[in-house]
Amino acid sequence: MRPRSDQFHELSSEALEDSFLREALKRASSSFHAAKTDAVDSMPDWEELRQRGHDRKNRAIENLPEALEVFEKNLRSRGGEVHYCEDGAAARDQVLSIIRSSGGRSVTKSKSMVTEEIALNDHLEAAGLSVLEGDLGEYIIQLAGEHPSHIIAPAIHKSREEVAELFHDHLGSDPDADIPELTRVARETLREAFLGADIGISGANFVIAETGTIVLVENEGNIRMSTTVPRVHIAVVGIEKVLPRRSDLAALLRLLCRSATGQRVTSYISFISSPRTGGEGDGPEKLHVVFLDAGRSRLWADPTQREALNCIRCGACLNFCPVYGSVGGHSYGWVYPGPIGSVITPHYVGIEKASQLPQASSLCGRCGEVCPMKIPLPDMLLGLRAKAVEAGSAGFSEKLSMRVFSLLARSPRLWRLLLALGRPFYRLVARAGLASILGGAARRWSRSRSLPLPGRSGFRRWWREDSERGGE
Amino acid sequence: MPGDYRERLFGFLRSRAAGQPGELLVEDPAPRPSTAPGAGDDLAERFRAELCAVGGEAVNLGAVEDPAAELGNWVKGLGLESAVMDSDPAWELLSLPVRELLDSAGLAVDSVGSSVTPQELAAYDLGVTLADAAIAETGTIVQCARPFRPRSISLVPRCHLVLVPGDRLLGGLEDFFEGIDEGASWAAGDADFDSYFTWITGPSRTADIEKTLTIGVHGPERTGAFVLGEGVSDD
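From first to last, the protein sequence lines stand for chains A and B. Going letter by letter, the first sequence gives residues 2 to 473 in our numbering. Going letter by letter, the second sequence gives residues 14 to 248 in our numbering.
It is worth saying that the hints were derived from the structure and are not from the lab. Even glycine gets a Cβ: it sits at the ideal position worked out from N, Cα and C. Please note that a few of the clues may not be correct.
What the hints assert, rightly or not - Ranges between beta-carbon positions, derived for each pair:
1) B:224 x A:366: 21 to 31 Å
2) B:31 x A:172: 23 to 33 Å
3) A:106 x B:95: 25 to 35 Å
4) A:97 x B:83: 46 to 56 Å
5) A:94 x B:203: 31 to 41 Å
6) A:366 x B:30: 28 to 38 Å
7) A:172 x B:83: 48 to 58 Å
8) B:243 x A:27: 44 to 54 Å
9) B:83 x A:88: 54 to 64 Å
Full structure from sequences and hints, please.
Put into structure tokens, the structure is as follows:
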């Protein structure tokens with residue numbers, strides 16, 4: 002997928018004017034919030050679990066070359082094959098060459114952010130293959146010719162009416178179909194595709210070094226279909242997905258499922274360490290793991306940012322982010338939205354192409370609090386902002402305003418004077434709705450918000466008087 | 014050349030490795046969270062409650078007066094026409110006559126070996142299997158690679174009936190992972206957890222349209238798990 006992260010301002014401005022999107026995001030975030038909060042509240046050992054998850058994942062990341070090697074050795078010993086690809090183009094070619102050499106023609110795919118990242122579908126379709134997304138949300142997005150807007154709920158921005166219309170146009174179903182009916186139509190269409198497919202492509206939630214296992218977490222059953230029925234299973238996996246031991250999954254699966262959907266575990270979790278075994282009649286005859294670097298080793302080499310590789314893609318930081326909740330996933334211009342997207346995208350596509358993303362945060366800190374892996378997202382966002390400034394991203398007006406601010410903030414007298422002068426002016430502007438007379442960032446800010454009316458007296462005066470009253 | 018990148022990647026990672034990270038595969042037993050059931054808990058009841066909470070159906074046959082009638086009635090209630098059983102030798106060890114119960118519930122029942130295809134299995138209404146393990150903490154059924162059981166028998170038929178031998182019911186996730194690492198009695202013999210296994214927790218579900226929960230997408234829409242009072246291991 003071609004990154005458009007340098008257009009965050011334009012994309013988010015459009016998104017803010019889309020009232021359906023804002024409703025959908027509100028509905029989704031409140032349902033995600035409730036589910037995660039319940040799931041965490043019902044787990045008194047949550048903090049210990051986070052620490053355990055962080056420690057075990059970190060152990061693999063700190064030992065990354067060894068972890069990959071051990072995984073590779075174990076998977077190969079059971080007949081799986083492992084490939085390493087430097088970038089998206091290499092990974093696309095690798096997948097295509099595996100498909101070609103197996104004589105495959107029809108592909109079913111399970112939801113995978115990494116295959117979105119490398120735009121695999123377009124490449125395979127251009128090569129004349131039929132590719133069908135098996136996850137309901139991804140299938141909707143595929144029919145609509147769009148991209149996912151959420152890590153775990155890709156079609157969150159689509160209404161039931163839009164889906165009904167889409168299915169009516171493509172599949173001839175009832176244009177007024179309700180959600181159960183739409184699900185049934187998708188099941189029937191995709192069932193036929195699954196049973197006829199000769200190649201199944203998946204991502205991986207984890208790979209286990211100790212046992213050479215690919216772990217896939219889902220609710221629908223489409224991943225089981227894609228990894229059971231076709232002759233060949235290809236898993237495209239970022240090199241950071243590795244965990245040391247199989248027993249680490251007890252903690253990691255609890256953290257992932259509870260943080261993502263609030264479930265104790267999802268409906269299906271597959272643990273695949275081998276092609277079909279001697280006695281078995283189904284399951285893939287060939288199993289390939291295609292490891293993708295595409296910027297991950299560069300990120301790994303930066304000790305201040307390395308922990309971003311601990312991300313398990315649960316989506317919690319999106320669901321709790323006030324910025325994501327207002328502008329939605331497409332505004333981020335690439336595959337990974339929300340706070341984690343703002344951290345990793347600049348590394349993967351280049352800071353110069355994504356310098357706006359670290360600014361897309363109020364630094365409220367919720368992402369860091371809800372992250373099950375304890376990734377210090379707010380600190381990382383600040384670090385990236387500093388990097389962007391070093392790289393010369395700040396314009397003249399930003400530099401000037403920061404200078405002026407720094408001057409004022411260091412002089413209490415000047416600060417008080419300016420506040421006293423500014424308050425009547427600001428009240429006038431806010432009351433008359435004259436925000437448009439403000440220039441630059443203030444204008445952009447005020448276009449989609451109403452300015453709050455400041456109090457008649459300032460905070461300092463209130464504080465003084467309140468203290469005199471005894472702080473009641 | 015694709016083969017080259019492996020060497021370059023490992024070379025780069027090794028050149029940038031800093032400090033002395035702890036050993037990758039060091040023994041590090043997972044602490045059990047207080048929510049995982051332990052000794053003294055009623056595992057069958059916990060399993061039942063957890064599975065029912067996620068839309069599955071579960072009965073502890075060890076606690077009912079007439080297990081055969083209980084199972085027979087559930088199957089009849091599905092209103093299905095055909096069923097397919099795997100050829101697990103453990104069926105013979107059960108005192109509960111599962112095949113006869115399916116027959117007398119009016120279903121056309123076939124037993125299949127490993128040569129059956131997923132396409133053939135998709136024509137059946139009900140897949141019938143034994144669990145290789147079950148986890149009470151989450152209401153989860155576990156099935157591993159077995160020479161007599163197709164992987165898709167629990168996936169492509171519209172409904173899934175699974176029987177859980179009492180000696181394969183475990184407490185928490187840690188008990189499961191320790192059991193397969195240490196080759197517990199339920200994880201021995203031709204129970205091949207090192208090649209493949211799958212966790213099944215309730216029916217197939219989605220919330221991809223407007224976050225509205227819908228049951229039965231690609232996998233079974235009904236999952237019935239019956240915990241047996243009896244076990245199947247030799248010892």
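Evaluated hints:
no.	hint	in the structure
1	B:224 x A:366: 21 to 31 Å	holds, 26 Å
2	B:31 x A:172: 23 to 33 Å	violated, 54 Å
3	A:106 x B:95: 25 to 35 Å	holds, 31 Å
4	A:97 x B:83: 46 to 56 Å	holds, 53 Å
5	A:94 x B:203: 31 to 41 Å	holds, 40 Å
6	A:366 x B:30: 28 to 38 Å	holds, 31 Å
7	A:172 x B:83: 48 to 58 Å	violated, 41 Å
8	B:243 x A:27: 44 to 54 Å	holds, 52 Å
9	B:83 x A:88: 54 to 64 Å	holds, 58 Å
Hint violations for this structure: numbers 2 and 7, all remaining hints satisfied.
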